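Protein chains: 2
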Amino acid sequence: MTKIIIIGSGNVAQQLIRAFAKNTATELIQVYSRQKNIPSSLLDPTKVINDYSLLLKADLYIIAVSDDAIPTVSAQLPFKNRLVVHTSGSVALGALDDKNRKGVFYPLQTFSKDKLVDFKTIPICLESENATDFQLLEKAAKSISAKVFAINSEQRKALHVAAVFVNNFVNHLYEIGNTICYENKIPFEILKPLILETAQKIMTLSPQEAQTGPAKRNDSKTIEAHELFLSDENQSTIYKILTQSIQNNGKKL
Amino acid sequence: MTKIIIIGSGNVAQQLIRAFAKNTATELIQVYSRQKNIPSSLLDPTKVINDYSLLLKADLYIIAVSDDAIPTVSAQLPFKNRLVVHTSGSVALGALDDKNRKGVFYPLQTFSKDKLVDFKTIPICLESENATDFQLLEKAAKSISAKVFAINSEQRKALHVAAVFVNNFVNHLYEIGNTICYENKIPFEILKPLILETAQKIMTLSPQEAQTGPAKRNDSKTIEAHELFLSDENQSTIYKILTQSIQNNGKKL
Numbered sequence: 013m014t015k016i017i018i019i020g021s022g023n024v025a026q027q028l029i030r031a032f033a034k035n036t037a038t039e040l041i042q043v044y045s046r047q048k049n050i051p052s053s054l055l056d057p058t059k060v061i062n063d064y065s066l067l068l069k070a071d072l073y074i075i076a077v078s079d080d081a082i083p084t085v086s087a088q089l090p091f092k093n094r095l096v097v098h099t100s101g102s103v104a105l106g107a108l109d110d111k112n113r114k115g116v117f118y119p120l121q122t123f124s125k126d127k128l129v130d131f132k133t134i135p136i137c138l139e140s141e142n143a144t145d146f147q148l149l150e151k152a153a154k155s156i157s158a159k160v161f162a163i164n165s166e167q168r169k170a171l172h173v174a175a176v177f178v179n180n181f182v183n184h185l186y187e188i189g190n191t192i193c194y195e196n197k198i199p200f201e202i203l204k205p206l207i208l209e210t211a212q213k214i215m216t217l218s219p220q221e222a223q224t225g226p227a228k229r230n231d232s233k234t235i236e237a238h239e240l241f242l243s244d245e246n247q248s249t250i251y252k253i254l255t256q257s258i259q260n261n262g263k264k265l
Numbered sequence: 013m014t015k016i017i018i019i020g021s022g023n024v025a026q027q028l029i030r031a032f033a034k035n036t037a038t039e040l041i042q043v044y045s046r047q048k049n050i051p052s053s054l055l056d057p058t059k060v061i062n063d064y065s066l067l068l069k070a071d072l073y074i075i076a077v078s079d080d081a082i083p084t085v086s087a088q089l090p091f092k093n094r095l096v097v098h099t100s101g102s103v104a105l106g107a108l109d110d111k112n113r114k115g116v117f118y119p120l121q122t123f124s125k126d127k128l129v130d131f132k133t134i135p136i137c138l139e140s141e142n143a144t145d146f147q148l149l150e151k152a153a154k155s156i157s158a159k160v161f162a163i164n165s166e167q168r169k170a171l172h173v174a175a176v177f178v179n180n181f182v183n184h185l186y187e188i189g190n191t192i193c194y195e196n197k198i199p200f201e202i203l204k205p206l207i208l209e210t211a212q213k214i215m216t217l218s219p220q221e222a223q224t225g226p227a228k229r230n231d232s233k234t235i236e237a238h239e240l241f242l243s244d245e246n247q248s249t250i251y252k253i254l255t256q257s258i259q260n261n262g263k264k265l
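Protein chains in written order, with the working numbering: chain A, 13 to 265; chain B, 13 to 265.
Treat the hints as calculated values from the structure; they're not laboratory data.
No false leads were slipped in.
Computed list of lysine to aspartate or glutamate pairs in EDC-like fashion (alpha-carbon distance at most 20 Å, straight line):
no., chain 1, residue 1, chain 2, residue 2
1, A, Lys197, B, Glu166
2, A, Lys154, A, Asp130
3, A, Lys233, B, Glu166
4, B, Lys233, A, Asp80
5, B, Lys252, A, Asp244
6, A, Lys169, B, Glu195
7, A, Lys233, B, Asp79
What you are looking at is a predicted structure, and each value in this text was computed from that prediction instead of being measured.
For reference, chain A alone in the conformation it holds in the complex (with noise of 0.2 Å):
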């Protein structure tokens, strides 16, 4: 069986231990903690060190620490030519330490401290140095999830890129809906109907077929009635360069 060791407490680790330590397939035998911050629930506390002398030979070792430590937890691992992956979207492989064999393990999801997610459906993205690494990877992170992708590193950047505008700016979209709300009165929970359909609707068309609204149809006057009604300056930025951006993409076509 697969042995797995993951170092590293913060959100996609515990994400990972959790995932992984109720997996029948592969056996999670340590977690390395600084702060051995894991709760007993989720791990037997025998199994967590905060010391690297103390690491266990494994076939995986998973880094899931932020994206400045990579190269310096990496670094300070006391054992040579073991597969050692990141999870990180925006680290390149190269980000390793060169005295293992490297790769990545990147689960394309957003995790919350707060909120459980059912790893079954987020997309695991592998990269790896060799085939041999790959099909461990593969086998790996088929155990815990039913999407598994070859990512390279080139196209890891453009992912997380992505990744940034449907989640991080997606969200900001939300809090500035939620910001115009709380100014007029008007509960937000009237919106959250409509941001579910919006995302659910991308589920079966295209974004391309889903687009409505005012920029779509050239409806200027609308356009014109909502650039009056918008006196924050920030909000009203966004809203022409936005509304640009979907006229533009119209002429595309």
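Given chain A, work out where chain B should sit, using these hints.
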């Protein structure tokens, strides 16, 4: 029982016809459709007319036509002192002709011909000139939806702008994500679970609590790398402006 007539045959009209046709608390007695293009599966064809002079007496006339057509259609109705409402998010109550009692019956959702929606979950925003009409509207709205709100014309204008941000603009960001994937030979499928989770997250967290990403954590290294990656000028502009907006929000708190 409240007798209802719907005027129009576009997306909103058809969804309303579907909701009211199977509703036992109200009676859909007639539909005006210029092209008489209402599927017989939806409504008994003898109830579909395309001549205003054939309009029966009803308690409530719902004009579900394009924004621009609302004043004309409401002026053409061959009766007075009855309750006439429109279904638009961006048109004021006053756009309706003065000869009848005015109101608004605005279902806040994105409607596509190809995708059925469950009306029960759709917020309906109501406005009327007097309390008696409001009660009638409220009863009709509650018979098809569990979410009914009193929203005046000023608030509705704000709500419509907010809806553009969380629906039209959000969908456009999905489209940019899709484009970036396509150009880098990445299946857009990979982003779909993230898109759904981003929407679902704010059902329990506020958008402010849910915000993550390089802009939120002032990760200038990642932001610079993303800006370098984006060769499309339009995408790059949107990236910069939304990143700045997230960072400025952080400063305000």
